[in-house]
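Asks: Spelled out, the chains give:
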Amino acid sequence: NAGVTQTPKFQVLKTGQSMTLQCAQDMNHNSMYWYRQDPGMGLRLIYYSASEGTTDKGEVPNGYNVSRLNKREFSLRLESAAPSQTSVYFCANGPTNANTEAFFGQGTRLTVV
Amino acid sequence: AQTVTQSQPEMSVQEAETVTLSCTYDTSESDYYLFWYKQPPSRQMILVIRQEAYKQQNATENRFSVNFQKAAKSFSLKISDSQLGDAAMYFCAYRRGETSGSRLTFGEGTQLTVNP
Numbered sequence: 001n002a003g004v005t006q007t008p009k010f011q012v013l014k015t016g017q018s019m020t021l022q023c024a025q026d027m028n029h030n031s032m033y034w035y036r037q038d039p040g041m042g043l044r045l046i047y048y049s050a051s052e053g054t055t056d057k058g059e060v061p062n063g064y065n066v067s068r069l070n071k072r073e074f075s076l077r078l079e080s081a082a083p084s085q086t087s088v089y090f091c092a093n094g095p096t097n098a099n100t101e102a103f104f105g106q107g108t109r110l111t112v113v
Numbered sequence: 114a115q116t117v118t119q120s121q122p123e124m125s126v127q128e129a130e131t132v133t134l135s136c137t138y139d140t141s142e143s144d145y146y147l148f149w150y151k152q153p154p155s156r157q158m159i160l161v162i163r164q165e166a167y168k169q170q171n172a173t174e175n176r177f178s179v180n181f182q183k184a185a186k187s188f189s190l191k192i193s194d195s196q197l198g199d200a201a202m203y204f205c206a207y208r209r210g211e212t213s214g215s216r217l218t219f220g221e222g223t224q225l226t227v228n229p
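So the protein lines, in turn, are chains A and B.
Position 41, counted from 1, in the first sequence is what this note's numbering calls 41; the numbers after and before it change by one each time, with no gaps.
With the second sequence counted from 1, adding 113 to any position gets you this note's numbering.
This is chain A alone, in the form it adopts within the complex:
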């Protein structure tokens, strides 16, 4: 079992370029999340999906869009990248009634120049 897999691991973009971060889980959890990690600020929620077909804004949604394609996949799109979006991005799933734990992908280090 891979758990939660996100791609790519590293990416450099020029200001104004677009890209999509991919996330997939093989754990059959209903909820999926996108966080960003910045120094001194911990991880902050960008968007989440409580179940297939639903998405909601988190704490820092501006400049991002998401798609919950199916139960397995939850993608994050930057339409026009800005230097302020330089960060480490994490996808996560969980929790469920049977498991209180969230499982994380390995993170994507994104640099916008």
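Watch out, some of these pointers could steer you wrong.
Said to hold, decoys possible - Some chain B residues near chain A, calculated using beta-carbon distances under 8 angstroms:
#, residue
1, Val132
2, Arg156
3, Val161
4, Arg163
5, Gly214
What the hints assert, rightly or not - On the chain B side, residues computed to face chain A include the following (Cβ under 7 angstroms):
#, residue
6, Tyr146
7, Pro154
8, Gln157
9, Met158
10, Ile162
11, Ala200
12, Phe204
13, Ser213
14, Arg216
15, Phe219
16, Glu221
As the list claims (entries may be wrong) - Chain A regions said to be covered by chain B (calculated; three or more residues, Cβ under 8 angstroms):
#, region
17, 12-22
18, 65-72
19, 80-88
If you are wondering where the hints come from, they were derived from the structure by calculation, not from laboratory data.
Note that the Cβ used here is the ideal one computed from N, Cα and C, for glycine as well.
Got chain A sorted already, so can you dock chain B onto it with the hints?
Replies: What follows is chain B alone, placed relative to chain A:
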């Protein structure tokens, strides 16, 4: 809104010694969970320990234990017999009790250095 605060940006400990990382949180909920996550240089988020708010007994996982003070809204992590592999960023996190769409709220993190 729930908040989580880690007031120690950096901590250091000698190998084999004990260190305590502090965390406070604010919530009006009665049903919630608290977590400590470890993030080594690989960036992987690793669950260290979790505490259910309704349990009075402090959680323990091998060398890791917590001091959960519900009234004071304090949740500290004690690492005993520190090892070089414990060096990492540690995050305290909170989430509400319901499962659907229940997101984690993180503290700022504490960078732990273990000196040989």
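Asks: What hint numbers does the structure not satisfy?
Replies: Going through the list in order, the structure violates hints 1, 3, 7, 10, 11, 17, 18, 19 and respects the others.
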